[in-house]
Amino acid sequence: MIRYRFGQDDLLRTRFAVAPLMELIGAFYVLRRPDRYAVHRRWSEWAAPRTRGLDLSLLDAATPFGGPYWPVFVSPPPREPHPTVETELDRVAATSPEQVVAEITHRYADGLPVGARPFVEDPAGALGALVGEMRALWDSVLAPRWTRISALLEAELTARARSLVAVGSRAAFADLHPSVRWEADRLTVRPAVRTVDVDLAGRGLLLIPSAFTWPLVWPRTDPPWDPALVYPPRGIGDLWEPADVHDGALESLIGHRRARILRELERPTATLDLAGRMSVSAGGISDHLTVLRRAGLVTRRREGRRVVYARTLAGDTLCRPVAD
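The opening position of the sequence shown corresponds to residue 1 in full-length UniProt numbering, with each subsequent residue numbered one higher.
A couple of the hints might just be wrong.
[Said to hold, decoys possible] Taking CB as the label site, the calculated pair distances span:
{"no.": "1", "residue 1": "Asp287", "residue 2": "Leu112", "range": "49 to 55 Å"}
{"no.": "2", "residue 1": "Asp222", "residue 2": "Arg302", "range": "47 to 53 Å"}
{"no.": "3", "residue 1": "Asp60", "residue 2": "Glu86", "range": "19 to 25 Å"}
{"no.": "4", "residue 1": "Trp46", "residue 2": "Gly132", "range": "19 to 25 Å"}
For the record, the hints were derived by calculation from the structure and aren't laboratory data.
Virtual Cβ for every residue (Gly too), placed ideally from N, Cα, C.
Make the full structure from the sequences, and use the hints.
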């Protein structure tokens, strides 16, 4: 469990920010384990071929899967609400060699793997090469989609700012994430791989919406960095929905959610898979599928132990672009 202890000044100093490098690290995780992140399936299928030929070995060593800790210098909590990726990369490049060595050896306390040795043997050189890898990955798979991602994040910042004004900090925390709770004078995150109590001591808490953290939250508690909590924004299920000039007509006819489900059924898909892609409960998806099936737009059949749904000819016709 992670506990952030708030004083009165901390509530006043709670703030939100966008963090391009946090998205970069999350996107890198998705590319390494795409099966775990169904909501980003469309993006990962588009992005994976664009990473071929990129040397990302240092980034891989600096952002390992699993464990209670991973180095913060790779994506430090931002100092401003809307930093550019270049601003953040400059901060990474300015990390002291001592900090690099300390964080890498802390992460690999049980033994330094070969891939991480450059950070200890030549931290300045490794840091420069790491920044180059991060910039190459950004240019390949995030820069072309950043307008869409940043629009989602900015919408989240706007909605949260309104919520803070309308209901106050404590109430605004209520729907950040199912694992986050306000209890007495502290914000708790559970479950967590370690137990940490963080006294904010007037620093406030930095809240960072991040598309690629879905479905998790990432607490950041390690000094000397500002305490932060990274969480998935609302609307993540629609982030990669294909843009179509005819979307509005189909949505007006059968509703936004059912139109999205119908388009997702371009190949036979199970209820749980649809729920994962769209970040919607399986029960909610099932209700919509029942309506679509009764309307003759989808069919269901059993494949082994799974029941899958597919569009009918009528469903295909509705999803087909209409010539002007």
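Practice prompt. Taking the numbered hints from earlier one at a time, note which ones the structure violates and give those numbers from smallest to largest.
Written response: none
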